[in-house]
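Colleague: Chains as they are written, first to last, in the numbering used here: chain A, 1 to 321; chain B, 1001 to 1112.
Treat the hints as calculated values from the structure; they're not laboratory data.
Treat the hints with care, as some may be off.
[Said to hold, decoys possible] Simulated restraints on C-beta separations:
1) E265/A - S1076/B: 49 to 57 Å
2) T65/A - V1073/B: 38 to 46 Å
3) S163/A - D1084/B: 36 to 44 Å
4) E171/A - S1081/B: 47 to 55 Å
5) G57/A - S1076/B: 31 to 39 Å
6) D1084/B - H288/A: 43 to 51 Å
Think of the CB as a built atom: it goes at the ideal place given N, C-alpha and C, for glycine as much as any other residue.
Read off the chains here:
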Amino acid sequence: MTTISERTSPAERFQAIIDADEKVEPSDWMPEGYRKTLIRQIAQHAHSEVIGMQPEGNWITRAPTLERKAILIAKVQDEAGHGLYLYSAAETLGVTRDELVELLHTGRQKYSSIFNYPTLTWADIGAIGWLVDGAAITNQVMLTRTSYGPYARAMVRICKEESFHQRQGYEIMLRLCNGTPEQKAMAQDAVNRWWWPALMMFGPHDSESTHTSQSMEWKIKRISNDDLRQHFVDMTVPQAEYLGLTLPDPELRWNPERGHYDFGEIDWDEFWRVVNGHGPMNRDRLEHKIRAWEDGEWVRDAAAAYAEKQQARRAASRTGG
Amino acid sequence: MAYSVPHVDGEPDPEFGRSESRGWPMWEVFVRQRRGMSHVHAGSLHAPDAETALQHARDVYTRRVEGVSVWVVPSSAIVASDPDEADAFFEAIEKPYRAATYYEIPDEVGQM
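Can you make the complete structure from the sequences, with help from the hints?
Modeller: Structure (structure tokens):
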């Protein structure tokens, strides 16, 4: 048996790493397509974390109790942290942070469409934690086994933290569902609005998803869009039943033959509309992000000036003896 | 949160690595989880100076009391072995007699 490193050509070594289910590391040779696919995916993932702070940040000042406010701040801070882990992972592929920020700000790289929906009531914060973070976890648990080492490591760290996000969301829903009829109605309204966008997070059908097969061959993706979506539906239906909420899909029912829930078709027109920039909040999200970046410029300048001054002082004290 | 956004028809493929700006320097972060353990590499971050790097490391990598001590090291200070020369560099593979399992000890002798 030959070890991976004994193979002669870089392409063979790369393929051997993939075949052996080992991780590709930044210093390894990799096909240009693999590198580009990863940069695109990790950058979009990072941008999603960062833009994802906005819909929830919207409710920090209006959280119903001081405890809920503290929890929400911690969650939004986690999203910022997740963005930073992911930008670092992307940078190991030879792209700079500044380039990635610019690609987001000029609309040349996207973030997940789910953040282009508004958070209208407090129940939306519960629904996001439960459904949106729930869908994200389904995806991210799969990605802890992705073939690129830095991405996989970032996912392990993120998954540990996401569990808090989903549980706090479900607990908000539980509290509302055990509350007044108005509170329960608010929870139902939030689920009505978030259920389908959450299912859309898994992307187009496998049959429509042209880039999926290559990603699967490279083991960047380990499970297909449709399989992940089915897994999420199967997991979530009993959770909704426990809350006493109705998922807004008349075709949703248990199929004993398949051993899975059947569910209705996603509105793909809406899906592509939002991906193409025409969702309810696309423009606001990007404008807000750019404004925050510009407003923070003086802080970045001040930090750089301070670092420069400190360095000059140290240099002076060294030469001055 | 997560997920890739599907390709849109005619989506351009941006070029990377062209930017002149490198931004703030990069730092590698090492966290000691608790007393008695070594500092372990946790990840990296950008910061203008060492003091700020330490504060960012705390915020980014120890939000849940994951550590009792943090090191930050400029990434440019790391000297690494060449992965392409790994075979020649790590010659220990050739010396199985350095492993305990190389030696056969009769069962009667017991655990050794």
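Colleague: Please go over all the hints and tell whether each is borne out by the structure.
Modeller: We went through each hint and held it up to the structure:
| no. | hint | result |
| --- | --- | --- |
| 1 | E265/A - S1076/B: 49 to 57 Å | holds, 53 Å |
| 2 | T65/A - V1073/B: 38 to 46 Å | holds, 42 Å |
| 3 | S163/A - D1084/B: 36 to 44 Å | holds, 40 Å |
| 4 | E171/A - S1081/B: 47 to 55 Å | holds, 48 Å |
| 5 | G57/A - S1076/B: 31 to 39 Å | holds, 35 Å |
| 6 | D1084/B - H288/A: 43 to 51 Å | holds, 46 Å |
Checked against the numbered hints above, the structure violates none of them.
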